[in-house]
Each structure stands twice: as structure tokens, then as C-alpha cells.
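Novice: We have chain A; now place chain B onto it with these hints.
2 protein chains.
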Amino acid sequence: MKIAAIGGGVIGGGWIARFILAGHDVAVFDPHPDAKRIVGEVLTNASRAWERLFQAPLPVPGQITWVGSIAEAVAGADHIQESVPERLDLKHRILAEIEASASPEAVIGSSTSGFKPSELRAGSKHPERILVAHPFNPVYLLPVVEIVGGGAAADRTCALLTSVGMKPVQIAREIDAHIGDRLLEAVWREALWLVNDGIATTEEIDDIIRFGFGLRWAQMGLFETYRIAGGEAGMRHFLGQFGPALKWPWTKLMDVPDLDDALIDRIAGQSDAQSGAHSIRELERIRDDNLVGILQALKANDWGAGQVVRQMEDGFYAREGVPDTGYPLHLHRTRVSGGWIDYNGHMTEFRYLQVLGDATDAFMIHIGLDANYRAQGCSAYTVETHIRNLSEAKAGELLSVETRLLGHDSKRFRLHHEILREDGSTVVTGEHMLLHVDTKAGRAMAMPASLIASLDAVARQESAAHPEHAGAGIRRIGQPEKVG
Amino acid sequence: MKIAAIGGGVIGGGWIARFILAGHDVAVFDPHPDAKRIVGEVLTNASRAWERLFQAPLPVPGQITWVGSIAEAVAGADHIQESVPERLDLKHRILAEIEASASPEAVIGSSTSGFKPSELRAGSKHPERILVAHPFNPVYLLPVVEIVGGGAAADRTCALLTSVGMKPVQIAREIDAHIGDRLLEAVWREALWLVNDGIATTEEIDDIIRFGFGLRWAQMGLFETYRIAGGEAGMRHFLGQFGPALKWPWTKLMDVPDLDDALIDRIAGQSDAQSGAHSIRELERIRDDNLVGILQALKANDWGAGQVVRQMEDGFYAREGVPDTGYPLHLHRTRVSGGWIDYNGHMTEFRYLQVLGDATDAFMIHIGLDANYRAQGCSAYTVETHIRNLSEAKAGELLSVETRLLGHDSKRFRLHHEILREDGSTVVTGEHMLLHVDTKAGRAMAMPASLIASLDAVARQESAAHPEHAGAGIRRIGQPEKVG
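Chains as they are written, first to last, in our numbering: chain A, -2 to 481; chain B, -2 to 481.
There is no bait here: all hints are sound.
Pairs involving identical chains hold if they fit within one copy or between any two copies, as the list cannot separate such chains.
Computed list of lysine-lysine pairs in DSS-like fashion (alpha-carbon distance at most 25 Å, straight line):
no.: 1; residue 1: LYS437; residue 2: LYS391
no.: 2; residue 1: LYS391; residue 2: LYS408
no.: 3; residue 1: LYS113; residue 2: LYS88
None of these hints come from the bench; they were simulated from the model.
Bound-form chain A, shown alone (with noise of 0.2 Å):
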């Protein structure tokens, strides 16, 4: 496919690094002296972006031709994205100019986030080829694309738009502004007046959404949470109880439609189409899995509702008595989650070593070694790993972990892990080698007698006979089993 982009701005650029970094050649024009540096910006942080998305290997990035005229760009084009500013007589200025020189076959997609098909039509030759394509910013991460007007160049440019990741709505009637931008105005509305009339600051508005309906919104959408909301009684219970609301003086916006019997049964039929495929009880595990998901997803970027979730496992880490275990120790437990499963249907291979590390993070807290002692400026870190899987975990399985100390002298300790199930059987074993590191020089360094002396009196508690299979390495194919 060769594309032709039409403007290079933020939303230009996004489109430019989604189609480049899916494999197409595109062709931009944009007069704008700014235009290379900040298409160039939003292309280094896509790449970026996309490098971390995908576990796959990505395509060969298509090539970007910067040239200086609409003609030479639309030029045997088979896709043209316009991203022009939002007045209409420059669109249509420009419309012009595309169509003059374009394939009649291409079919020209808008970023307009206000204007109708009918408006950008006007005075068209082939009017039915110019469609709204509106995307939602970062154009590169995020899916959704609104496509209003319909017909053959609306299913061409949906399959084109799906294989570059994305996720048309086709929208059946037009109107101002679309879906995405009535309903964002609609917040930005009711936003200003909180901050007008002093109600609410601007990161106190940010953070109810955020750590509130937001999660929710990056899962499912506001009919579907509210589905759940209504119970096993349904959406039709859920809107007896929530239209009387619309009757309160709740927003400074205040027309509203009849919540009548025929829009009370119009929203509870397509609701049943929407999500009438599982219970409520499924959806809210399928929301929760989400939610859990997206928190701990936060968490590992330090950032917003996973703060919280750290701030938590922080302070449940340092509780104090913590039980005495016995030995072999029993210091940590978990369930695998739903997003641990991989395409075998079993916990993903990785996901065993989260489980190992975590009960070695345990086993260095239980010695001494935990987030007081590594702020000091040192650490263990693992050298060595040796894991046998013996049976595959399965979505909801409660896990725990036995730990024996095999062996530790001044700067290292080995352990090794038990991976059970509740019925005790064995999942994996996992053998490990730590060094005891000075974090900032990077390089090994005698533990301190302290950190000694817990290991002495946990090493006390273990026997001599370790398990059969410590020290083993991976046996040869077509070599007797060596015991090393």
C-alpha cells in the first residue's frame, strides 16, 4: 500500500509512524517549517513505543518521503490521510488540490474531529471516496479510529486501518463533533465549571479520574460497567434506578432526553447484544482481571493507581511478626493469575521464575536483606538458575513455595525452591546462586556478619541430604544422566 499523508503535525505524525512502523511507504507534504522536527519527534517516541508493545518481531519500518507538493504526494496514492487544521475552507482548499491529482480509487480519510462527511463533501468530484477518519491521540498507541460515512471506501479503509492495529467504529449516522469528542466535550464542559467555581483544581478533577472511573474506562465502556453495576437483574433494572438522577440538579448541563419506555428497552436490547454473551459474575472476574492487570501494570512504572498498590505491598512487607515457618521455610504464597496463562492453557514459562524470584525476594527479607538493608548500597543478585518443570500450573491454582538454604559462605548463598500445589504435589523446583554485590562499584563484596548470622541459623535447620537433583545440569540427549 502506498500512503499519502496530508500534514504533519501530532495527529499527521501519528498517523505517519503507525503506518511506517506496520511496513507501508508514505509520502508527506506539509509546508510547515516545523513540520521534519516534530514528525520527527512523535516517529522516535512511536518506534520506542512500539518496541515495548509488541513481543513479536516487528516488520521492516516503510520509508517516509518528504515532497513538495500535494500532487507529488497523492500521486498513485492508495490511501490519503488529510490532518490539516479545523477550518473548512482550508479542508476544502486542500480536498481540492487532492482530488486533482489523486487516483479516483483512493480514498481520502479526514482526522477532522468536528466536521461532517456531508461538509467536506461539498463541491467533490467523487464525493463518496472522502470519508471521516478520526483518531484519538497518541495515533500510534491507541486504536480506535471513528470512520462516518460509509460504502465501499469505508470497508477499504477499515481493513487497511486493521491491519495497521487499529480499531475502526464505523459510525451509521453523521453528526458534529462524531462520538468520541461529544462525549470528551461533555466532560471538558462540566470539568470547566468545577474549576470556574472553585470546586475542584485541575490535578483533583485528574486524580477522581484516574484513580477512579478511568480504570474502569480502559476495559469497558460506560454501559458495560454500568451493566454490572444493575446486577443479576439487568440493564433495564439498572436504568429504573439511575433515571430518577436525571431529574436532579446534578450538572450544570441539564438537557436530557426522556428515559422512556421505548429508550429504556432500545439500551437494554442492545446492551444483551453488547455483552448478553456472559453472566454478570463473569464479567465482573473479566473486569477485575483487567483492573488487576492494568494496577499492576501502573505499579511497574511507578506511576499513578499502581503508587498505591506499591505503597500497600510495601507496608505488608514490612509488617512486623512474621510468623516462624518451620523448615524447609514457608515464606510465600500466590494464585495464578488469568493474564499468566499462555497459548498451551498452562502458567506461561517466564511467569514460574516470577514466582522463584519472589520467594527468594522473601527469603532475603526473612535474613535481613530487604528494601532498609539494599538502601545502603547492596544486594544480591542471582548468578545462576536451574529450573525443572515437572507438571504445568493452570489459571486460579494456589501456589506456595518450600525454600531450603543449600549452602552460603561470606558473599554467596544457594537455595533451592519448591514450587507446590495445594495438594502438595510439585509444580518446579528452582536452584539458585546469589552473590552479595556492592550495587554501585557492581562488583561482589563480603556480607556482614548480621547477614551471616541469619544465614548460619537458617543453614542450622537444614540436613545434609539435599535433593537428588542440586547441582545437576541438563543432561545430554543421548548421554547417560550425569549427577554433578
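Specialist: Below, chain B without anything else, positioned relative to chain A:
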């Protein structure tokens, strides 16, 4: 802390679950015949979610005690949470009953989504300790709570709620429906119009949210997102661009404040205070890293925008004409994500196995053991792994994997991966034994001739001289190294 919960529906149950799981005892009063069942169901969901959410050892849960009267519930309670239906006369009656038996120091938080503290407090003996503490569903996962009605009671409540993993936001001036529900109500009213007028279905509206701005709002709110959209020119510039749209007929809800200089100054100043510590470029990267993490979490759950990512990855894997990579094979590259970094500032241990596992997947696709093959009921499982950590990878590093086939027979193959950084130095080596299995029967089976032929072809390129550490086990501390 002793907590009393008056009302045990979905919201009351969510509160109870959060307090119990954080280790507090809760006395519950709710005469509704379904209350115990509903709270039980919420508790089941909440326990399941917390065990997935937190990777630290959870506290011993508190006890739930069902009591027969409000007086019994609130006796000796430090915090009383009222979650009864939204009728002011009912709330007044319940609050009076609570006050009759509660300690004057106990804080009474109301879950009301609509009423103001001044309304709740009418007729109270100790009005200053009655607050709005309004959470969002599911209460056990969403952190935000709106706290309205200030003073010492609010400060104590914020401390308690922070300790159970919440994010209290204190709202300075009381207003009907507080902040969150005003914003939600604005979207709800606009969405009702869209459905009423036949512009979009509930599913289309939900998709535009959850594949679009909902993803942004899980991590940044309205104002911080728009600050980025304004670019280096800042919030003031953005407001100048956005302002005129307030005069356009982009919503059925048309009452808007004047975006005059005073309001622009206020918003720009608040935005600087909120987000000014980061440059726009930094905010873009933070946003993108968060979106990547959220999309990957949703991909793991095969839901919403994550499905789009998975479909793209499937497409990338399915592309034809994978170039000849020479030998050793180079089949997998990745960049170290910011979310992969641990408390030591390096790539966390289990992510190395993720990279090794992805390289194993790429090898399997290379020999024809791909999704189509697995669909026929066979796969290969890792049964043993030996990892040597030679140095540490940092965020942003580009890693590539060099892969060798050390041996194979009719049922097994033995791989050696070396994770290299861009300068060619080795980060980690991995040795892996894989077993070909009948996935339904769950037992080893011989590979078909086509796979054996692929493995033979790869094996012909492998030299006899294996890496020295292949087959070795972890050295026992205090013993000379044995190479197996």
C-alpha cells in the same frame, strides 16, 4: 481499628471486603434478606482480586461479624461506614440511630453519591464527624474516595483509607454529586442522547471509550492529557485552541462557563502546579509507557484493546519470507521495557526467562511448531532450564538472542540461547530442554517427520563444540566446579 458497616449491598460489601482483607475486623448491620449472600459474593471476588493484585504476603484477614442492630454494630467502632439507599429521610433516620450508640469520637462516613455533608448533618448532635466518603465500584479495587466535609474527622478518615490502599481526594467545597459523578453524569446524558437519536449503539459508544480515551484516563486525567496535547507551548496555548469549540454546537448540553482570561489563568496555573515537574517530552514517555503496560495487561487477558495488539502480533509472526538468519540463529530481538526493572535498577530476574521463552517460541515457529501446528493438539513444553546471569540489562537496552540447537531426538530438543546487547556482550545464557507432547493426553509423543526434518536441517549447521557450560549444573559452595 474496629469498623462498622451499615448497609451491605454491592458498595457496602466492597467496603467490608477492603477493610477485612487489609486486616480490620468489621461489624455489619443490614436487615435485607439477601445481604449475607451479596456480601459473600463480593468478598469472594475481592479475595480473588487481592491475591492476584498484590505480590507481597497479605495480612491475616479481619473478622466479619453480622449483628442484629445498628447499636450493636457501632458500639466501640472507630469508623462507621454508611451505605444505605440514596434517600435523605432514610439516611437521616440511620444517622440518628448511629449517633445514639456510637462513641462521639467515631467518624461516620457516608457512601452517598449525591448528598452534601450539610444535608446529612441536619439535626446531628456531632455534625463535624459526619463526612461524605464516596467510593467507586468495585470498592476493593478502585482506589479513589471523595472526602467531603473537612476538619480533623476528614484527616483521620484519609489516614485510615490510605492504610487500606485507597486514594482519598478531599474536596474543598460541597456540591451535589461531588466531582466524579458529575463528570460521569455529563457523559451519561450525552450518551443517552446518542442512543436516543440513533447515532450510535451502546457497544459502539463503549468501544470508542475503551479503545480510545478510556485507555488514557487509566493513567492521566483530562487536564494532564490536554496539557500534553498543547505541546511545549503549554496549557494556555491549548486552551486558546480549544476555547472556540465551546461555542460550537458539539453537544446537546450547551451551558458553558466563559473561558475568559481569569479562568484561563486559573487552569494554566493549576496545571503547572500539577504537572509542571515533568516536561511535555517526559509526560509523553510516561504516558506511552503506561499505555504500553495497560495494553500488554489487556493482551494477557485477551480483552478489549489487548486483543488488537495480539492480532497484530499474530500477523507479525505469520508474515511470510522470514529472512535467512545464518547460524547461530537470530530469531528474536526486544527492548528492555521500563516496566521490567526491579528495585535494583536492572531488568528483573524473571524477565530474562521471558526473553528466553520468546526466543524459544521464535525457534519453534522457525521449525514449523507454530499456532497452526498447536491447533492440531501437539506442542512442546520446557522441562528444564539452566540460566547464567553474566551481567545486568538496563531499561531501554536493545537485546538480541543468538540461538543454537545442541541436540534432538524423536521427542526432545535442547536449545542454547545467548542474550546479547548491542555491543555484542553477553547478558545471560540459557539452556533449555523441550519435550514434544500430546497436549490433550498430557504425555510425551514422537514428533512428525516434518519437524524432525526441520530440526535435522538446523542441526547440520551446529558444530560439535558446544559451549563449555552446556550440561553443567550449579556449583556447590565449597566444591570445585564439575562440568557435566
